[in-house]
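J.: Residues per chain are reported as follows:
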Amino acid sequence: MVTNTHLNIEAVSKSFGPVTALTQIDLKIERGSFVCLLGPSGCGKTTLLRIIAGFEKPTKGRLLLDGADISDIPPHKRGFGMVFQSLALFPHMSVAQNIAYGLKLRKASAKEQRERVEELLTVIELPDIADRAVSALSGGQRQRVAIARALAIKPKLFLLDEPLSALDAKLRDNMQIELRRLQQKFGVTTVLVTHDQTEAMMLADELVVLDHGKVQQAATPTSVYRQPANSLVADFIGAANLVRTRVGENGRLVLFGNTVEMAVDHDPGTAVNVAVRAENISLRSAQADQEAAGRVVFARDLGAFKEWLVSFEDQEIRVRGSASDEIEFQVGDLVTLTVDPARISVFAAS
Amino acid sequence: MSTELLPRKQALLFAAPAFIAILPFLAACFFILRFSLSSEQGTIEGLSIQAYRDLMTPFFGRSVWLTLKLAFVATLIVMVLAVPLAFVMTSLRSSFFRRLLTISILLPLILNLLVQAYGWILLLGPSGVLNSTLKAMGIIERPLFLLFNETGVLLGLVQTSLPLAVFPIVGAVRAISPEYLEAASSLGAGHWRTFRDVTVPLLRPGLVGAASIVFAFNASAFAIPLLLGGRRVQMMGLVIRDMISPLFNWSGAAAAGMILIALTIFVLAASSWLVRLTTTTKETR
Numbered sequence: 001m002v003t004n005t006h007l008n009i010e011a012v013s014k015s016f017g018p019v020t021a022l023t024q025i026d027l028k029i030e031r032g033s034f035v036c037l038l039g040p041s042g043c044g045k046t047t048l049l050r051i052i053a054g055f056e057k058p059t060k061g062r063l064l065l066d067g068a069d070i071s072d073i074p075p076h077k078r079g080f081g082m083v084f085q086s087l088a089l090f091p092h093m094s095v096a097q098n099i100a101y102g103l104k105l106r107k108a109s110a111k112e113q114r115e116r117v118e119e120l121l122t123v124i125e126l127p128d129i130a131d132r133a134v135s136a137l138s139g140g141q142r143q144r145v146a147i148a149r150a151l152a153i154k155p156k157l158f159l160l161d162e163p164l165s166a167l168d169a170k171l172r173d174n175m176q177i178e179l180r181r182l183q184q185k186f187g188v189t190t191v192l193v194t195h196d197q198t199e200a201m202m203l204a205d206e207l208v209v210l211d212h213g214k215v216q217q218a219a220t221p222t223s224v225y226r227q228p229a230n231s232l233v234a235d236f237i238g239a240a241n242l243v244r245t246r247v248g249e250n251g252r253l254v255l256f257g258n259t260v261e262m263a264v265d266h267d268p269g270t271a272v273n274v275a276v277r278a279e280n281i282s283l284r285s286a287q288a289d290q291e292a293a294g295r296v297v298f299a300r301d302l303g304a305f306k307e308w309l310v311s312f313e314d315q316e317i318r319v320r321g322s323a324s325d326e327i328e329f330q331v332g333d334l335v336t337l338t339v340d341p342a343r344i345s346v347f348a349a350s
Numbered sequence: 001m002s003t004e005l006l007p008r009k010q011a012l013l014f015a016a017p018a019f020i021a022i023l024p025f026l027a028a029c030f031f032i033l034r035f036s037l038s039s040e041q042g043t044i045e046g047l048s049i050q051a052y053r054d055l056m057t058p059f060f061g062r063s064v065w066l067t068l069k070l071a072f073v074a075t076l077i078v079m080v081l082a083v084p085l086a087f088v089m090t091s092l093r094s095s096f097f098r099r100l101l102t103i104s105i106l107l108p109l110i111l112n113l114l115v116q117a118y119g120w121i122l123l124l125g126p127s128g129v130l131n132s133t134l135k136a137m138g139i140i141e142r143p144l145f146l147l148f149n150e151t152g153v154l155l156g157l158v159q160t161s162l163p164l165a166v167f168p169i170v171g172a173v174r175a176i177s178p179e180y181l182e183a184a185s186s187l188g189a190g191h192w193r194t195f196r197d198v199t200v201p202l203l204r205p206g207l208v209g210a211a212s213i214v215f216a217f218n219a220s221a222f223a224i225p226l227l228l229g230g231r232r233v234q235m236m237g238l239v240i241r242d243m244i245s246p247l248f249n250w251s252g253a254a255a256a257g258m259i260l261i262a263l264t265i266f267v268l269a270a271s272s273w274l275v276r277l278t279t280t281t282k283e284t285r
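Protein chains in written order, with my numbering: chain R, 1 to 350; chain Z, 1 to 285.
A few of these clues could be false.
[As the list claims (entries may be wrong)] If you want the footprint, here are the derived chain Z segments under chain R, 3+ residues with CB under 8 Å:
no., stretch
1, 48-54
2, 185-192
[To be verified] A short list of chain R residues far from chain Z (calculated; beta carbon distances all over 12 Å):
no., residue
3, D72
4, H76
5, D173
6, A349
Quick caveat, the hints were computed from the structure, so don't treat them as lab data.
Just so it is clear, CB atoms sit at the ideal spot from N, CA and C, and this is done for glycine as well.
With the sequences and hints as input, model every part of the structure.
T.: Shown next as structure tokens:
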């Protein structure tokens with residue numbers, strides 16, 4: 001079998017005293033791929049990145065880089081470029097000195113250093129800031145310099161710990177595009193930690209959803225979005241509704257009072273959770289005497305789309321419709337909810 | 001947009017008592033300056049630099065040199081001791097040991113200087129614990145003279161000024177984000193290199209601040225050279241006192257005091273200027 005695995009994380013566990021941060025993490029990271037570790041805060045994603053970087057030692061398991069065990073190699077000998085959440089640009093060095101620092105440690109000549117700094121400043125489209133103090137830069141400029149500093153050493157792995165979380169929405173969007181462009185240009189294997197699922201979907205070739213210290217799903221963004229592996233993933237990715245319901249006596253799923261024409265792998269009568277996205281539910285006006293109707297309890301028009309909260313039985317369901325929809329639903333309207341069976345995922349209720 | 005901790009007007013109001021407390025001190029300084037320019041030794045009369053001229057003696061010169069030397073050496077020793085101590089303090093995880101260490105370092109600040117000096121005399125004096133033990137063990141025949149000389153004064157200065165250095169350095173060490181160190185490490189710097197290239201430069205303002213406090217404190221020391229120097233170590237504080245007390249040379253004492261203040265300010269200004277010079281040359285174009 002031809003393997004293109006660059007980093008192989010084998011059965012890595014980590015505990016801090018009595019607290020377990022990671023349990024049995026197995027991951028293969030492809031050469032040149034962009035992997036996003038995604039999860040809510042406290043899920044262990046940053047710990048995993050710090051283990052890859054070498055700042056934390058795994059309690060169990062090992063890391064293989066191109067097949068060689070690097071678990072015991074200290075961070076300064078791993079040759080991985082890292083961008084920190086705080087960026088950690090050295091305040092006592094100029095922009096050029098920051099970018100050249102890794103090269104200086106590698107005993108590159110002054111000429112090599114200067115050329116590489118120039119090259120990187122051109123790539124990040126800030127050619128004139130070499131001599132500036134870090135404190136004189138804007139947030140977006142600092143971001144780019146931190147990325148340039150990490151890439152200057154031609155790292156074997158490029159690691160980023162929520163680097164964009166401090167930027168405002170517009171700048172963040174630009175930086176995501178920029179980051180992806182840089183990563184493709186240098187072809188460097190990249191691992192980025194984020195809690196922002198839009199960011200992860202936008203950047204990643206492979207999305208690794210972590211929760212409770214375990215890998216819940218590792219797949220392409222599209223398949224994580226379309227086929228979440230379990231209800232934790234479904235709940236975390238996108239504006240999904242997790243609807244408590246049951247499998248009918250005929251083995252068919254009962255959803256919003258209607259039988260859905262799809263086969264399910266659960267016994268008749270069992271309780272299940274159904275993940276269904278807000279945009280995959282459609283609303284129709286219902287008559288006052290109609291059974292299986294919900295009531296609109298909240299309506300808002302967000303310009304790009306409209307959103308409603310529908311109270312159905314004892315649950316509130318979020319529904320999203322496109323802005324071009326002719327129909328207007330007001331708070332208090334009775335509605336029926338229908339779904340496309342191809343767009344739902346069914347999980348055993350825990 | 002910006003919300004101040006305390007609006008300036010209120011802050012000024014609350015600070016008024018402090019200003020009132022500082023005023024007499026400033027007045028005293030001015031009074032001493034005026035006295036140093038008096039043509040009489042015992043009263044303020046006329047305007048003359050006679051008092052300064054009278055100080056231009058080999059004796060006073062030796063005292064100035066000794067004061068600067070001892071203050072400088074003590075500061076150097078204190079900094080060498082305080083930096084590792086500060087790192088230990090910031091790395092202690094157990095709050096019990098951290099408090100214990102804090103109290104042990106802080107104790108000299110709380111304890112009266114006399115008590116500390118007598119402690120040293122009991123320990124290291126001619127008939128102190130150390131000498132009697134060594135004598136009893138037959139290692140020495142005559143007591144070692146560890147006190148009432150420069151060594152004794154140096155010992156005292158280091159001991160009393162150590163806490164003044166440790167706490168500002170602890171603050172400076174705490175202020176360094178670990179991400180800076182990790183960033184250096186990820187770029188390929190080992191522990192030692194990170195310390196040299198990142199930790200020390202980031203600590204530098206804190207180190208200079210601490211060293212300045214220690215130097216000023218030691219240069220103006222009086223009780224320690226008096227008690228542990230046994231009059232043989234004529235630091236300026238002692239010389240100034242002797243001019244006043246047995247000699248009633250008020251204008252001479254005032255002039256010597258002004259020289260001490262001027263020298264201290266000069267050394268501190270020069271050191272902070274040097275630091276600014278070495279840290280900003282590469283950032284500005």
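J.: Could you run down the list of hints and mark each one as holding or not?
T.: Hint by hint, here is what the structure shows:
no. : hint    : in the structure
1   : 48-54   : violated (count 0)
2   : 185-192 : holds (count 6)
3   : D72     : 15 Å, holds
4   : H76     : 5 Å, violated
5   : D173    : 25 Å, holds
6   : A349    : 42 Å, holds
When the structure is compared with the earlier hints, violations turn up for hints 1 and 4 and for no others.
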